Amino acid sequence: MTFAAVTSSYRLERRRGGALAEALRIGLFGGLAAIAFALVGAYTIMDGRPVIEGVLTLAQTVLVTIGLATGAFGARAAGAAPAATRLAHGAAAGLLAGILLAALVLLVSSVNLRATLVAASPALVRALSFGLGLASTRALACLAVGGAMLGLAGSVLTVLPPVARRAVVAGLAAAVAAGLFRDVFASILDNVPGLRGLESAIFGFSGVNPAAAVVLCLAAAALSVGRSALRGRALSERSIALRKRIGLALMIVAILALPLVTNAFVAQVAMLVALYILMGMGLNIELGLAGLVDLGFVAFFAVGAYTVALLSSNTPFAIAHVSFWIALPIAVALAAVAGLLFGLPVLRVRGDYLAMATLGLGEIVRVLVLSDALAPVLGGSQGIIEIARPRIGGLVLNTPADLYYLALAIAAIVGLVSWRLQHSRIGRAWLAVREDEDVAQALGIDLVAMKLLAYTVGAAFAGAAGAVFAVLIGSVFPHSFQLLVSINVLAILVIGGLGSLPGVVVGAIALIGLPELLREFGEFRYLFYGLALVAMMHLKAEGLWPAHAKETSHV
Amino acid sequence: MTAAAETKAPGPLSEWLRRSTWVDHILLAIRIVVALVVLVGLVGSIAADTYSAESWISFIVFGLTIGSVYALIALGYTMVYGILRMINFAHGDVMMVGSFAGLFAANALAGAGVTSALPLLALPLILAAGMAAGALVSIGIERVAYRPFLHVRSLAPLICAIGLTFILEYSARGLFGTRNRAYPGFGWMEGSVVVFGITLQIVQIIAFAAAIVMLAGLLAVVRLTPLGKAMRAVAEDRDAAALVGIDVARVIVATFAIGGAMAGVAGVLYALVFKQITVFMGFFLGVKGFAAAILGGIGNLGGAMLGGLVLGLAEALGPALLLEGFHIPAPYQLKDVIGYGMLVLVLIFRPQGLLGERLSTKRA
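These protein sequence lines map, in sequence, to chains A and B. If you're matching positions, the first sequence starts at 1 in the working numbering and goes up one per residue. If you're matching positions, the second sequence starts at 1001 in the working numbering and goes up one per residue.
Careful: at least some of the hints might be erroneous.
Simulated restraints, written as ranges between beta carbons of each label pair [what the hints assert, rightly or not]:
1. B:D1237 - A:L443: 28 to 34 Å
2. B:V1195 - A:L340: 25 to 31 Å
3. A:D372 - B:A1110: 18 to 24 Å
Covered, in the sense of this in silico footprint (three residues per stretch, anywhere, with C-beta under 8 Å from a C-beta of chain A), are these stretches of chain B [unchecked claim]:
4. 1011-1019
5. 1057-1063
6. 1120-1126
7. 1134-1148
8. 1170-1182
Calculated directly from the structure, the hints in this document are not laboratory data. All values derive from a computational prediction rather than experimental measurement. We put the CB at the ideal spot given by N, CA and C, even for glycine.
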């Protein structure tokens, strides 16, 4: 592609200073990141959640991570310098970051900034003083020295041989993960007979116990060393494929067993994840395969949800009283029709314009549903309530676990359909359209028909998701159909890997499941999304579980 | 293709029928339906005669006020598009940041006594604060979301910009809190004047005048300065511009900075008129600004201005002029439908906008 070749000359190399200047620059960024973390209000909220009981809170974990990363990058900037220099640079970067954070504490404690920055509160000063006296010299020195120590520790990581580095990182990660997802693990131990005692030994009231953390850390490190030893041997193509299969099988077993072995809260979260997987598969057809950026995706979701609501609610809004199993195909069909209607005019628009046009359409649908004009039919902002739960024979699907399996079953069907489509002639035509429309047309692919098909199929899947959503929640409100839903689904696809079905699952778990389980993150979920999207594009644009491992990404 | 055939062929209708596809037929049907809806709505509304002449005038004034805000936002979209052939998705939030910077500047000035001592000086200072903040954030956006991907053709800039939208909105939410912030007023801007028997609020005049001044300044920069010349060259052909020694990267940064400054001004003006700001106001105003840029013809500075004013008028007048005719309850709730509807229809039927260049197919 000539365009790419010529414009590549604009790829600017930043003028780099000396290694120390570079380390200090990284220290500056680390300090700013810590300051932003504190001023956004995340620190005080996350400080209430212990990760390692009585030792480390979630907020401190984040700060420690920032410190370690600052040190590691600072040391890496020194390149192939002797180990002592790298350690010194890492420590210097960490020291600068610590000094900046200490300066913030001093500023917040001496000047009242609350009129402007709501999080610059005495609570923040108290939390960052670690019980050493509010913004006392000792507390400030502790921040600065702590920064230097963490920087040093981070740079030690870069000096270590790779096997040891992996082991340390795996150990720390295991301890932190155990603390973070205490609820999941504890409820699993709760449900497995004979392991009750283990639960109270490992987990405290809301984090992991210090002794157990050490054990876990060591175990994970040992496991990592073992893996590294195995990895040393060259692997044949076949064993790689086998590994991939085993990974996939393990994932499927975990997904199936999840609500059985955990509590209702985790099942609720899993249900939400399954719903987003369903939607993600729909958008995957449009965006992942055919390359159509659709920010109005939620409109089809709304069509599906409202169809089921109108067909099976117990309120006067209902126009019929049929079971979910009859309403579902009708919802899917109507969503597909809506997709076709929306798609027809819009699909001659390309790229970013398509994003904006579909965004406009999605918003039009939401505003219409919310308006008084359609309130007699759709309930306006009051929504439609009392939607009948689906029943199989005499069994009413009522608990989160039941509904989780319902969503999962439909997701499996949709996944199968989209997998078949992807590997058919149509799927290859979509890929061609995604890569280059002009070339695809020259090859004899009917652009309009292919795009419309992608749009219609994607819309139908979204309609299925909407139908499931209506019975999951038991009611529909216009507020459930905001632009954020479309963007959530888009983010899931991007994080998971465009065009990759396992990627959808991974993305939904990472973006819907994790923030939902880490309730302290709740308020900062979208900040986390934004950071994840930007970081993903910069570091690993093909996603966590790319469609084709070998192919370099075109996104 | 069909348009060319229409002019040359002997039997234009039969020729069009032969060449057109079923998609064309449906598009034509949509055109006809839209025209009919507009016509019936117009006739119905005029027949209903609900509003007095005074309310029409106040609708128009309101439309021009919000239209100037849209126009200023649209300028940023249009400039970046002209240079990069890409949409800066996070542009709306630049406006929000400018608005907050203006708020803090206003509070600081009021605290220091400048507002009461030199009331006329306070406004330019606040506008300058908004401009500076907008320009800075915009440069940051360029650095994070656009520069690293200049050399590849991908969705990465779009997705990065969506990510930045989240980062800006939710950082602002964490930093400044969720509640609505009241914007301080200045004594001399609160009143209204009567011109030709029409009562105008001074704030509205200021918003309109500021938009015109900004556009004029921008046109002068683009037409007259060396930077403007470089911008036009880069917009024309980035590779050729680089070959003749133009620092393309610097021109791109300057473009983002200027667009961001315009959005910052828009944020302050919006806040002065509506008196309240929230951290989430940027996104949808940004979409409206984009609609205005498309409407006027993206890549065309005058078009952005025109598009903004037309969109503002359409939103202000539309509910009364169109929807009243259908006896819809609370038509004002649907003003956004008119705005977004115009965006979608223009994108479909006249992508070059009112004044614009043809949307190039260069950008896939």
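Hint by hint, here is what the structure shows:
{"no.": "1", "hint": "B:D1237 - A:L443: 28 to 34 Å", "result": "holds (29 Å)"}
{"no.": "2", "hint": "B:V1195 - A:L340: 25 to 31 Å", "result": "violated (52 Å)"}
{"no.": "3", "hint": "A:D372 - B:A1110: 18 to 24 Å", "result": "violated (40 Å)"}
{"no.": "4", "hint": "1011-1019", "result": "violated (count 0)"}
{"no.": "5", "hint": "1057-1063", "result": "violated (count 0)"}
{"no.": "6", "hint": "1120-1126", "result": "violated (count 0)"}
{"no.": "7", "hint": "1134-1148", "result": "holds (count 4)"}
{"no.": "8", "hint": "1170-1182", "result": "holds (count 6)"}
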